[in-house]
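Peer 1: Protein chains in written order, with my numbering: chain A, 6 to 120; chain B, 37 to 153.
Rather than coming from a laboratory, the hints here were simulated on the basis of the structure. Positions of the beta carbon are idealized from the N, C-alpha and C atoms, including for glycine. Incorrect hints may have been included.
Okay, the calculated beta carbon distance ranges per label pair [unchecked claim]: (1) A:Asp101 / B:Arg64: 20 to 28 angstroms; (2) B:Glu62 / A:Ala7: 33 to 41 angstroms; (3) B:Ser110 / A:Asp67: 36 to 44 angstroms; (4) B:Glu46 / A:Pro13: 29 to 37 angstroms.
Pairs of lysine to aspartate or glutamate, EDC-like flavour, derived with a Cα cap of 20 angstroms [unchecked claim]: (5) A:Lys18 / A:Asp101; (6) B:Lys74 / B:Glu51; (7) A:Lys35 / B:Glu132; (8) B:Lys74 / A:Asp113; (9) A:Lys35 / A:Asp67; (10) B:Lys106 / B:Asp122.
Just so you have them, the derived chain B footprint on chain A, three or more residues with Cβ under 8 angstroms [what the hints assert, rightly or not]: (11) 46-52; (12) 56-66.
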Amino acid sequence: DAGVTQSPTHLIKTRGQHVTLRCSPISGHKSVSWYQQVLGQGPQFIFQYYEKEERGRGNFPDRFSARQFPNYSSELNVNALLLGDSALYLCASSLDTGNRNQPQHFGDGTRLSIL
Amino acid sequence: AQKVTQAQTEISVVEKEDVTLDCVYETRDTTYYLFWYKQPPSGELVFLIRRNSFDEQNEISGRYSWNFQKSTSSFNFTITASQVVDSAVYFCALSEAGLDSSYKLIFGSGTRLLVRP
Numbered sequence: 006d007a008g009v010t011q012s013p014t015h016l017i018k019t020r021g022q023h024v025t026l027r028c029s030p031i032s033g034h035k036s037v038s039w040y041q042q043v044l045g046q047g048p049q050f051i052f053q054y055y056e057k058e059e060r061g062r063g064n065f066p067d068r069f070s071a072r073q074f075p076n077y078s079s080e081l082n083v084n085a086l087l088l089g090d091s092a093l094y095l096c097a098s099s100l101d102t103g104n105r106n107q108p109q110h111f112g113d114g115t116r117l118s119i120l
Numbered sequence: 037a038q039k040v041t042q043a044q045t046e047i048s049v050v051e052k053e054d055v056t057l058d059c060v061y062e063t064r065d066t067t068y069y070l071f072w073y074k075q076p077p078s079g080e081l082v083f084l085i086r087r088n089s090f091d092e093q094n095e096i097s098g099r100y101s102w103n104f105q106k107s108t109s110s111f112n113f114t115i116t117a118s119q120v121v122d123s124a125v126y127f128c129a130l131s132e133a134g135l136d137s138s139y140k141l142i143f144g145s146g147t148r149l150l151v152r153p
């Protein structure tokens with residue numbers, strides 16, 4: 006079975022632009038989470054979605070938004086890009102959100118560079 | 037607040053040496069879950085192990101072993117007879133429950149392991 010897939014792999018944008026990152030979860034997984042990983046740091050939680058509804062949100066500005074589609078895939082949108090948004094954006098999927106024992110399985114990430 | 041500390045920023049060993057990666061956590065939850073992930077240069081976070089707060093039994097899986105001690109809030113990871121392919125960044129993480137049955141992972145800052153031939 007395919008793992009979590011993310012697109013694009015790399016992206017270069019300039020300040021003020023917006024970007025859309027995409028994620029397809031593992032087949033059968035209904036929950037998708039997004040994390041931001043700045044170089045040299047651990048991933049930071051941005052959003053969690055389950056059954057198309059937002060279930061959790063990290064400490065990120067309103068420029069960050071996301072949604073989940075009926076097929077459980079997800080998009081992360083970032084508006085008015087800043088230099089500090091340069092990071093690796095990781096998507097993770099799990100069966101559902103209610104069981105903290107379930108591991109989250111991560112994709113390869115999208116590396117976003119802001120010039 | 038929940039917190040995970042990985043004090044070792046970088047460790048360098050020679051192949052076949054044993055190496056232990058330290059992880060200390062803080063939480064007020066009585067039920068919690070701990071995880072270890074490996075991040076090779078490709079970027080993908082690879083799940084290695086999970087442990088719940090009620091199970092302090094140590095675990096061994098091949099060359100990997102984990103030592104969970106609630107008394108010291110530690111969840112350390114040992115690689116026996118390290119290999120070059122073990123070179124990666126290793127993250128310890130703690131699950132935190134949110135509203136609506138959601139949960140997120142709180143990651144430490146990671147430990148970069150370099151295994152030299």
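Peer 1: So which hints don't hold here, by number, going up?
Peer 2: 5, 9 and 10
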